[in-house]
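S.K.: If you want the building blocks of each chain, they are given just below.
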Amino acid sequence: MLELRSVSFRYPQQTPIFEQFAWKVKRGESWAIVGPSGCGKSTLLYLLAGLKLAESGEILVEGAALKKPRPHTGLVLQDYGLLPWATLRENVTLGLRVHRFYGPDGIHAPSGKVIREVEVQGDAWLERLGLTGVGGQYPGQVSGGQRQRAALARTLAMEPDLLLMDEPFASLDAPTRESLQKFIAQLQAETSMTLVIVTHSVEEAVLLGKKVLILDLPPNRSARVIDNPGAGSSDYALSSGYQETCARLRQKLGQGLIQVGSG
Amino acid sequence: MSARRLLVAAAFVLAVWALLAVLLRAPILPAPWLVLKEFVLEIPGNLGRHFLASLWRVAASMAVSILLAVPAGLVLGQSQRLDRLFAPLIYLLYPIPKVVLAPVVMLFLGINDLSKITIIFLILFFQILVLVRDQAAALRPELIYSVRSLGAGRRALFRFVYLPACVPAILTALRQTIGTAVAVLYVVELIATQYGLGYYIYIQGNTLFDYPKMYAGVLAMSLLGLGLYYLADGLQKRFCRWM
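Chains W and H, in that order, are what the protein sequence lines are. Residues 6 to 268 (our numbering) make up the first sequence, in order. Residues 15 to 257 (our numbering) make up the second sequence, in order.
With the rest of the complex left out, here is chain H:
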């Protein structure tokens, strides 16, 4: 997507918003310029801190998911026996909406960053695991044979075949799950925390009734999701030019 077309789309959204705000004249829908003003004023201070707290939770979940799901996916994709063993388990767990496990995870891990990161991790982990596993299983035996015939053992196969082969799967999984991850982030940040965009939005909207600030929080959260999505998209363009 070109930057110009995105700007046009953003301008359109802002125009509809401004029109609705002017027509409704209600405090619960402040005009975009009021919200943008709050955003610019708040982001270097309070809102920025909440933004960083949220960013840290998503980034940490992503990093841990990739570190654990990629090797597991590669092993399952390469070993039919292990895959047969684990496939029913994954089949069972994969479709469960992980967000409903939030209270359980919090009971076990406590009310802290670890439990929040764990819940987002559970969502990302299965998505990456399944995509990487399928990608690794789809590698043709001819390809492995011909690279082995060049002298590649296990380490070189990993470096030259398996790892580059699963990069698209990782990035696709990230792109597909970032929306869900940020949504779940909002939910878990509603529960017993002092930091995070979810908390910020909730407090501003439901306790302080400062609607421009609440919308500034919504904007920050949207930008967080959008930024991560474009990061994954950009990495895919950079590293998967062959596709």
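Just chain W, same shape as in the assembly:
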């Protein structure tokens, strides 16, 4: 599904974030990416989304080199992703309207797919995410949880085969966060969607990622991976396996930092 081949990336006048970095994601896998602030978690996500381009190396999605955002990749960010001047319903249908705006050109929108009944689709997604009553409200008028649900609905309405999320639940209160984590885990189990979620929370990473990619302070040269096959099942959070994996991940994260700190 996803393959990074000796990818290098740096921001101008800074230490390279990735150097000859290689990583592979198979179709239908769920990955969590963790690491300290500034390690390049979000940058990696933007690279995968085609919003930033690698300095050298190649990023392949479904075997094709990624040069720009592809229509079947969905992206959900921590905040500020919704248009503040549009209602939640308008926000949820934004992707569909963008596709209709271009027509099925195969570049901006999937080819061979005519967008119909945008409103009907939008309402269905609002309902699915429990937003039926607030479709006419503006993002500034609803809670953070409702905003994030709307952002999810907007992305899911595009029927993505790859869902990228950058700290999607970081600014939410605990109950809202847990219900959305559950929703994502369920969705991932039901569909064959590939999931990559960036998080700073060890618990969230272990809860949602069947595999966890650990990034260190830059430059990142190789992918450190923890297998976590139990993730996504309904009562995993109560099991001893979950606790052990959390502890192991914490330890690995600490190691990375100490190595960098002393070297």
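Simulated from the structure, these hints should not be mistaken for lab results. One or more hints might be untrue.
As the list claims (entries may be wrong) - Computed spacing ranges between beta-carbons, pair by pair: (1) W/Lys72 to H/Ala197: 39 to 47 Å; (2) W/Ala27 to H/Met257: 44 to 52 Å; (3) W/Ala27 to H/Arg169: 32 to 40 Å; (4) W/Arg121 to H/Arg169: 20 to 28 Å; (5) W/Ile112 to H/Ala101: 44 to 52 Å; (6) W/Pro17 to H/Ile104: 41 to 49 Å.
All values derive from a computational prediction rather than experimental measurement. All C-beta atoms, glycine included, are put in the ideal place defined by N, C-alpha and C.
Let chain W serve as the given structure and place chain H on it in line with the hints.
M.R.: Coordinates of chain H only, in the frame set by chain W:
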């Protein structure tokens, strides 16, 4: 502002005016009912023509300012490099009171509508440019990223993000500058023209000494400013409900 409260305020202004007129008993301050009578009699004819001439000049300046300042503001707001290049120039030109350029503009463009429209345009242009630029620069990169991830290229970003984002800036700029624009309109209409409310007010007051008509002109000019202000205000309420 509710219509009822505005009517109360208008009634108060009229009452003070009427009281002063009765107390002073001077020809230079006719009672409001005399002025209103002149206004009603004159507006379908002579005063109406002058009103339309003034309206055309302000409306044309507004339209041209929006058409030129909005794209320029969007480009500067989105390109840090271009903004760095032009910022000192704008910083220098923005605070200059454009009305002092009136004689210069008239020398270059001649004594016609074009020079009058140009002077008002200069005032509106910078105000809209600066507000739209700042609005476009304040758009968070996260917002652009997430809309791009939905497949939006340059055209869709313009249609779905930049354009709606700068509507409040345009309307705010208009609301803030309408007062100045009408004031400058008065000044430029004093100079070598036969039409316009500025000319009408001046001729009635200083040449014909017909004070009720002069005040009718003042009233027309006030209504022009007020009408444009409420138009911008109404559009802002209609299109910026999210704010």
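S.K.: Take the hints in turn and mark each one as holding or not.
M.R.: A quick look at each hint next to the structure:
no., hint, result
1, W/Lys72 to H/Ala197: 39 to 47 Å, "violated, 54 Å"
2, W/Ala27 to H/Met257: 44 to 52 Å, "holds, 48 Å"
3, W/Ala27 to H/Arg169: 32 to 40 Å, "holds, 36 Å"
4, W/Arg121 to H/Arg169: 20 to 28 Å, "holds, 22 Å"
5, W/Ile112 to H/Ala101: 44 to 52 Å, "violated, 35 Å"
6, W/Pro17 to H/Ile104: 41 to 49 Å, "violated, 26 Å"
Figure legend: structure checked against the earlier numbered hints; hints not met, in rising order: 1, 5, 6.
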